[in-house]
Structures are given as structure tokens and as C-alpha cells.
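Assemble the whole structure, with the sequences as input and the hints as a guide.
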Amino acid sequence: MLALPPMTLYVFIGALGVICLLLLFFLSRRGREAALWQEQLQNQIKDYNLLVERFDLLGAEKTAWNNKN
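Residue 215 is where the sequence shown starts when you use the working numbering, and the numbers rise one by one after that.
No lab work stands behind these hints, which were simulated from the structure alone.
Fair warning: there could be bad hints in the mix.
The following label-pair restraints were derived from C-beta to C-beta distances [what the hints assert, rightly or not]:
1) Glu267 x Gly228: 57 to 67 Å
2) Gly231 x Leu264: 48 to 58 Å
3) Gln252 x Thr222: 44 to 54 Å
4) Ala248 x Arg268: 43 to 53 Å
A virtual CB, placed ideally from N, CA and C, is assigned to each residue, including glycine.
What follows is the structure, given as C-alpha cells:
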């Protein structure tokens, strides 16, 4: 078995703890950003669908106007 002085072992365990905390922080931040990106994407899709509806209505009005004249 590897024999390390107690202080070296504590420093090693502490460093691993800090690394784990940093990883957890970055993973949680990534999750929040992914949720934000998903929300922004949904808003973009809604805006796009609204524009498509308006475009279709204008196209129908133009067709009706051209058929009328």
C-alpha cells in the first residue's frame, strides 16, 4: 500500500474536493444555459410561426385582390 504523509493525503483529498465542486458548478451552469437556450429557441419558433401566418394571410389577400381586378 502507498504510504503518504498525512498532510499530503489531506492536500490531495482537498484538491479532489475542489475539483469536484468546480465540476458540479460548471455542470449546473451548463444545465441552466441549456434551459435558457431551449426557451429562446421556443420563442424564435413562435415568432417564425407568427410571421408565416401573416405571410400566408397577405398572400391570400393578394390573390383575392388580383382575382378581383
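Evaluated hints:
1. Glu267 x Gly228: 57 to 67 Å: 59 Å, holds
2. Gly231 x Leu264: 48 to 58 Å: 50 Å, holds
3. Gln252 x Thr222: 44 to 54 Å: 45 Å, holds
4. Ala248 x Arg268: 43 to 53 Å: 31 Å, violated
In summary, the structure is inconsistent with hint 4 from the numbered list given earlier, while agreeing with all the others.
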